[in-house]
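Quick mapping for you: the protein sequence lines, in order, are chains A and B.
Start counting the first sequence at 1; every next residue gets the next number (our numbering).
Start counting the second sequence at 147; every next residue gets the next number (our numbering).
Just so you know, not all the hints are guaranteed correct.
Unchecked claim - To be clear about the criterion: a stretch of chain A counts as covered by chain B if any three or more of its residues have a C-beta under 8 Å from a C-beta of chain B, and this derived list gives those stretches:
1) 11–22
2) 26–40
3) 110–117
4) 137–143
If you're looking for bench data, these hints aren't it; they were derived computationally from the structure.
From the three backbone atoms N, C-alpha and C, an ideal C-beta is built for every residue, glycine too.
This is what each chain is made of:
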Amino acid sequence: MSATAPPAHWRRMRERYRLLGSRCETCGATFFPTTKVCPKCRRKGKIAQVEFSGRGKVYSYTVIHSAPKMFEQFTPAVVALVQLEEGPMVLSQIVDTDHKELKVGMEVEACFRKLFEQEQSGIISYGFKFRPVNDHWGKYYDNKDI
Amino acid sequence: MKVGIVGYGAYIPKWRIKAENIAKVWGQDAQTITNGIGVHEKSVPSLDEDTATIAVEAARNAMKRANGVKPSEISAVYVGSESHPYAVKPTAVTVAEALGLTPYVTAADTEFACKAATAGIQACLGLVKGGYMKYGMSIGADTAQSAPGDALEYTAAAGGAAYIIGGDGVLAEIEGTCSYTQDVPDFWRREGSLYPKHAGRFTGEPAYFEQIVKCSKSLMEKLGTKPSDYTYVVFHMPNGKFPLKAASILGFDTKQVTPSLIVQKIGNTYSGSSLLGLAAVLDRAKPGERVLMTSYGSGAGSDSFSITVTDQIEERRRLAPPVQYYIERKGYLSYSIYAKNRKLFRE
Ligand SMILES: [Zn+2]
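With the sequences and hints as input, model every part of the structure.
What follows is the structure in structure tokens.
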């Protein structure tokens, strides 16, 4: 992800906003980013757009201490390969956590964040990042005095 | 046709700063301050969070609770805030795109200090009741600005709440709404200024209390209701004290206010404030219970709503995280990291 001119920013926007990818209706394979051709089925493949659930697991991660100027403010930043539950692998920053808490296999979910700003007066690019999953909030509804 | 809330969602950033850590920097006495304003800590956005990201998170939670509503059926999106990321370019288009509501949707940003989103709810009520659309959405979100060292620094917080309004699948009916508006110079920010200015104590009597009290009274008179008809009352929460005082002037008791009084733990989320308070009430209300909510926006005005919770509430609220979950999901920042996140250091 680098600085992009408005048209390029706009073309990739929906994928980033909604985690849109592709699914081959012939063999069921899923892809991110979107693709026009299924590498397995080739001409027999039928590609459709799919919105991924946003749930996945950390496949591998690294901590970045020295980042390009645009991302400098986020260091030390956790960047991970996230395997989506539908299959595709996505490279993304992991937020709302500390690299000490991060583990391979940890469950994460997509959230909506600023990806980068093109200087003070430029376009703000938004899109998905991932944060650790917390599925325990249901308990608050069982406690009568929340 | 019964019209009301079909889905609601909250979002509060994870980070907090304690009032004592702010007081330390400015050589003030933390105890005196927290006793005075009734706020112990406030929420702080991450470096990559702003009004648009908070609005999207809250709106996605509202969609989860609006079980069965298709994105294409939502034909209006309003985002009320005083911290829109762009001076020119609507936040509402980003939210509409991120939720998949585009392109057959009207979208606009609303501004009226902290009550911009309740104005959006009123617009949705009109559009739905008038038969122009099936559902509309209004979101209040802010990453409130405060000058370093200003009294507002103890309360200016970040958070938001989203409401989907419709006539089908109503989990809380809105039986009536009314407004009260006057030109009162209690709080303002000029174009190009980074931080707002305020008229100190003047914000109280002629501004907050005048609008909140008169607006709430006028709605109750119109509907023929009285404070004891409501299980809960929700007011805009600039601090932990004003809502309690407004309640007592109107004849409500403390018990009716405290379930929505989240300001003590997260600060004043501006356009999100009264709507997050209402969300906290919807997280626990029983079918048939009534809620009076009155927002407040400096400048100044109030919007009041009389709401009755339906029997759909119990099943539907479980579809997204409650306000209490977000209040307890937290990590503390030092003043210096807080200053970095809020961009208080400038080149
Ligand atoms: Zn295929």
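Against the structure, the hints come out as follows:
no.	hint	in the structure
1	11–22	holds (count 4)
2	26–40	violated (count 0)
3	110–117	holds (count 5)
4	137–143	holds (count 4)
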